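Enquirer: Here are the chains, one letter per residue:
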Amino acid sequence: MARLIVHVPATAKRGEVIEIRTLAGHSMETGFRRTQLGELVPRDILTGFSCRYNGVEVFRADLHPAVAANPLISFSTVATESGTLEFAWSGDNGFTASHTATITVV
Amino acid sequence: MKKTRRQFLILACGALATGAHAQLPPNIAALRRAALEAAVRKVTGGAEPRRGRVKLDVPPLIDNGNSVPIAVTVESPMTAGDHVRAIHVFTEKNPQPNVINAWLGPRAGRAAIATRARIADTGTVIALAQMSDGSFWSDHVDVVVTLSACLEDGLI
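Same order as they appear, the protein sequences are chains A and B.
Numbering follows our numbering, with no gaps: position 94 of the first sequence is 94.
Numbering follows our numbering, with no gaps: position 79 of the second sequence is 79.
Heads up, some of the hints might be wrong.
Some chain A residues judged to face chain B by a derived CB distance under 7 Å, without partners named [stated by the list, open to error]:
1. V58
2. R60
3. V67
Which residues of chain B face chain A? A partial, calculated answer using Cβ under 8 Å [claimed, not checked]:
4. V99
5. L104
6. G105
7. A112
Restraint-style ranges between C-beta atoms, simulated for each label pair [to be verified]:
8. A101/A <-> E48/B: 34 to 42 Å
9. G25/A <-> P25/B: 29 to 37 Å
10. P26/B <-> E57/A: 21 to 29 Å
11. R6/B <-> D92/A: 46 to 54 Å
Worth flagging that the hints you see were computed from the coordinates, not collected in a lab.
Just so we're clear, the structure is a prediction, and the values are computed from it rather than from any experiment.
We put the CB at the ideal spot given by N, CA and C, even for glycine.
Isolated chain B (complex conformation) (with noise of 0.2 Å):
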């Protein structure tokens, strides 16, 4: 049987559709949720953090995903009776969730980091900070990503 270059179309399209969805669990959406609030909980240990006090700085359209400015700072004295003990930073939609974990102390002097990092897909970047007293304090940014990191593993 002939093919008209119409049917031969609509093969080839299904045929790739069906191609990249046996590679993605179906509910793949839902089990990157579940693994960033796994690895929040880590983190925090079941301590609900707060919004405030926590800067996080990242451009809000990345126009390359694989080299994203990302800086934290913290609002602290950075005393020795006050002062951050560790600030984490999570994406929702990579293949995993951590990004950095950096541990400081009163000696840093000013609560800051600054890296870069690899984002996949377009959702939210989360900065926590863990304080001297054990309070744990939260910022995030949606971002849009158009250029992904990861590309090739075929996200949402």
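So here's chain A without its partners, still in its complex pose (with noise of 0.2 Å):
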């Protein structure tokens, strides 16, 4: 299981801009090294990130091998109405991770 941070405030009042920062731990190998017997390493990296607020599709992104390792990815978003935020991941080799926030929206 990858390691996960995503930084949402708490609480925020009805109609303000957030900023949602999540990291996640992962080596981003690009598939462009080689060892040192000359082999390319094969890539593996995170190609999908998506957020979706209360089961809505707010933020979503495409990576590519020229993200560094552990990716951070920022956005922001309005507080619109209390619930939670899910974050998930999806990389090469099946790779898959989520994560929720809860946000109370005064």
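Mind assembling these two chains? They're in different frames, but the hints should get you there.
Expert: As structure tokens, then:
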């Protein structure tokens, strides 16, 4: 299980724009590096990320080998209602990871 | 025949140089530029992006290309009728030009994303934003990289 760190404010005012920062522990092996014996290290990266706010997708991203290891993704959304934010990562070799955070909108 | 130290060094350097060149196609700069243009065209569908509205924030001098903070901000009211649909980031000298493609919408509230990228060599970083009316806006920054990412691949 990958280590996931997600920063979401616990409470927000209705209509406030909140910043969300996510970090996923992953080596993001590019597939361009070689071992000392000259063999290519096979590619193993995260390719997709999405954020759903109470089931509605608010942000989605495609990642490529040029994203650094342990990819940080920062974006924002409008705090519309109390509920849960679901974060999902997908990657090579069938990698999936998910995380949920709750937010209270006052 | 006994070789002097000078002759040996010249031979050794020559062998190293040919070895390094053998790995790289001779027109790699043109190939990379064509790959970048193809990647941008795939996103825009041939439309010409205009300069402005997009602000790409990358340090101009990068000590370590393996992890470069990149932030893209787009001027937009982010309403249902006028918002940023997608933000794309490309680099010029990487083996593959794409860095990240992000899709947002009016619910983002603010068109701003940030991530960390690998940048292989001194060159241009391009940010492209697609608006809800279908227009494309872009910004580019020329960066200098001292320690390259993917160094062992042998770049230009």
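Enquirer: All hints, please: hold or fail.
Expert: Verification of the hints:
{"no.": "1", "hint": "V58", "in the structure": "5 Å, holds"}
{"no.": "2", "hint": "R60", "in the structure": "5 Å, holds"}
{"no.": "3", "hint": "V67", "in the structure": "6 Å, holds"}
{"no.": "4", "hint": "V99", "in the structure": "4 Å, holds"}
{"no.": "5", "hint": "L104", "in the structure": "6 Å, holds"}
{"no.": "6", "hint": "G105", "in the structure": "7 Å, holds"}
{"no.": "7", "hint": "A112", "in the structure": "6 Å, holds"}
{"no.": "8", "hint": "A101/A <-> E48/B: 34 to 42 Å", "in the structure": "41 Å, holds"}
{"no.": "9", "hint": "G25/A <-> P25/B: 29 to 37 Å", "in the structure": "36 Å, holds"}
{"no.": "10", "hint": "P26/B <-> E57/A: 21 to 29 Å", "in the structure": "45 Å, violated"}
{"no.": "11", "hint": "R6/B <-> D92/A: 46 to 54 Å", "in the structure": "50 Å, holds"}
Violated hint for the displayed structure: number 10, the only one.
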